[in-house]
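J.: Chains A and B are the protein sequences, given in the same order.
Heads up: the first sequence begins at 1 in this note's numbering, then just goes up one per residue.
Heads up: the second sequence begins at 1 in this note's numbering, then just goes up one per residue.
No wet-lab data here; the hints were simulated from the structure.
Glycine included, each C-beta is placed from N, C-alpha and C at the ideal position.
The reader is advised that the hints may include incorrect statements.
Chain B side only, calculated, beta carbon under 7 Å to chain A, not exhaustive [what the hints assert, rightly or not]: (1) 14; (2) 53; (3) 68; (4) 88; (5) 94; (6) 144; (7) 147; (8) 151; (9) 155.
Protein chains: 2
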Amino acid sequence: MNTFAQPQSILRRSLHLEVVQSLRELILTGEFEPRSRVNEVALCERFGISRTPLREAIKLLAAEGLLELRPNRGARVAALSEVEVAEILQVIGPLEAAGAELACGRITEGELAAIETAHLDMVDAWKAKDYDRYFARNRQIHDAIMAASGNGALQSVYRSLSGRVQRARFSAHKTDEQWARAIDDHNLMIILLRRRDATALAQLMRDHIKSKRIIISAAYSAPDAAKRGSGRLRGAAPS
Amino acid sequence: MNTFAQPQSILRRSLHLEVVQSLRELILTGEFEPRSRVNEVALCERFGISRTPLREAIKLLAAEGLLELRPNRGARVAALSEVEVAEILQVIGPLEAAGAELACGRITEGELAAIETAHLDMVDAWKAKDYDRYFARNRQIHDAIMAASGNGALQSVYRSLSGRVQRARFSAHKTDEQWARAIDDHNLMIILLRRRDATALAQLMRDHIKSKRIIISAAYSAPDAAKRGSGRLRGAAPS
DNA sequence: GGCGCGCGATTTGAATACAAAATGTTTGAT
DNA sequence: ATCAAACATTTTGTATTCAAATCGCGCGCC
Chain A
1 MNTFAQPQSI LRRSLHLEVV QSLRELILTG EFEPRSRVNE VALCERFGIS
51 RTPLREAIKL LAAEGLLELR PNRGARVAAL SEVEVAEILQ VIGPLEAAGA
101 ELACGRITEG ELAAIETAHL DMVDAWKAKD YDRYFARNRQ IHDAIMAASG
151 NGALQSVYRS LSGRVQRARF SAHKTDEQWA RAIDDHNLMI ILLRRRDATA
201 LAQLMRDHIK SKRIIISAAY SAPDAAKRGS GRLRGAAPS
Chain B
1 MNTFAQPQSI LRRSLHLEVV QSLRELILTG EFEPRSRVNE VALCERFGIS
51 RTPLREAIKL LAAEGLLELR PNRGARVAAL SEVEVAEILQ VIGPLEAAGA
101 ELACGRITEG ELAAIETAHL DMVDAWKAKD YDRYFARNRQ IHDAIMAASG
151 NGALQSVYRS LSGRVQRARF SAHKTDEQWA RAIDDHNLMI ILLRRRDATA
201 LAQLMRDHIK SKRIIISAAY SAPDAAKRGS GRLRGAAPS
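Assemble the whole structure, with the sequences as input and the hints as a guide.
T.: What follows is the structure, given as structure tokens:
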């Protein structure tokens with residue numbers, strides 16, 4: 001009767017890791033806004049756990065840079081300044097370049113095909129102006145390239161940094177022209193990947209990120225746009 | 001009377017962070033050997049604290065990659081395989097290259113002078129075959145270059161990865177020729193930094209690390225040397 | 001004599017309890 | 001009326017307690 005696939009798999013992975021996962025989701029999806037305080041007891045009730053594993057999770061996410069801990073004053077969701085975002089992007093650039101370079105030497109036909117599929121869907125999302133889907137596919141493509149690098153350390157560093165700026169990247173809406181240029185970059189990316197042209201692809205990845213940096217800078221300069229992006233959910237604008 | 005400088009500064013920085021610091025030291029200095037289990041109660045007694053902050057610290061260091069956590073089976077000091085070390089070095093290369101590139105555009109005369117001083121002392125240590133001092137200065141130089149990049153995110157990622165492979169780097173003893181080549185690299189490093197030749201320096205940093213990778217690979221291939229290096233303290237060899 | 005099984009001891013995982021710090025509010029004085 | 005100080009409340013930090021899982025060992029069985 002009990003055809004449970006993995007009966008305990010959820011409970012198996014120590015509670016605090018489960019909480020880390022959930023919390024990370026909440027932060028990355030934007031449910032928890034930057035600078036908002038993290039109330040421990042409230043979260044405990046929400047997750048139905050005690051404070052001990054929650055606090056362990058908080059410490060972990062703080063080390064990851066998603067939360068910031070003020071001694072005796074609790075944790076709050078990290079809010080990156082413009083320069084911090086710029087700094088992280090300056091790190092991501094070389095990482096993506098290195099990943100792409102490695103990927104050129106190891107990527108399989110299957111991985112390439114998957115990336116192309118995601119790419120086509122991303123272009124589709126672009127045409128449909130479906131920003132959410134565009135963004136998801138974009139991320140998927142970059143992750144897949146990093147995965148194809150075959151370097152686990154590279155992937156995990158990339159994922160961590162990428163996660164930290166995800167919100168900023170997402171909330172910084174592109175102009176039509178910037179968006180078109182990004183699509184161009186991605187088209188070229190596929191071509192160079194197919195050609196296994198490591199050098200050119202590495203350079204492209206660096207430039208690609210650099211333009212993202214410019215876009216985000218612009219978003220920070222426009223205060224209302226930044227506020228909107230990083231802040232509360234989109235919807236009916238007040239008055 | 002009480003001319004305490006920072007009366008509580010030690011207690012101020014929440015206990016778990018203090019423990020993280022101490023534990024990190026113990027791991028990095030090699031007091032705790034790779035693969036050795038971390039007994040919680042024993043450490044609690046050693047630090048004179050309870051298990052809660054210790055466990056928070058353990059979770060943190062596990063996230064950092066210095067410890068590995070096995071569910072219900074405690075933590076143990078991470079022991080990197082050869083491929084893991086190689087992977088991390090593959091990440092460090094581009095990071096150092098990027099850092100050096102940035103540093104060329106921002107480094108001050110004072111920072112440069114400090115690096116040169118460290119460099120001279122490192123060369124001195126080399127001549128005296130003082131490996132410990134050589135290693136310390138080496139680290140100092142690389143850290144200083146990264147610091148001169150002015151990119152905080154880059155520095156922290158670098159420090160983390162660098163720490164994880166520190167033991168492997170240290171324990172992989174160079175041949176005389178390799179050592180001489182490393183010195184050459186460093187000489188050139190200083191020259192290029194002075195010239196602010198970002199492109200050439202970036203390339204040098206990549207190559208510099210690449211040679212380190214070869215050295216470490218060789219150390220892993222020689223099983224006794226690797227065992228010796230990663231394992232117990234040097235001293236009288238058995239039989 | 002070797003191997004599997006079960007029991008006890010140890011160790012980890014999580015929850016609760018207690019203490020200290022910070023925040024917000026009220027009250028009193030100027 | 002305003003400001004400040006003290007108190008009460010909330011929230012964090014740490015310790016202790018309880019439960020569950022693992023490990024080691026001895027016993028019995030094949």
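J.: For each hint, tell me whether it holds in the structure or not.
T.: Against the structure, the hints:
no., hint, result
1, 14, "5 Å, holds"
2, 53, "10 Å, violated"
3, 68, "13 Å, violated"
4, 88, "5 Å, holds"
5, 94, "4 Å, holds"
6, 144, "18 Å, violated"
7, 147, "13 Å, violated"
8, 151, "5 Å, holds"
9, 155, "9 Å, violated"
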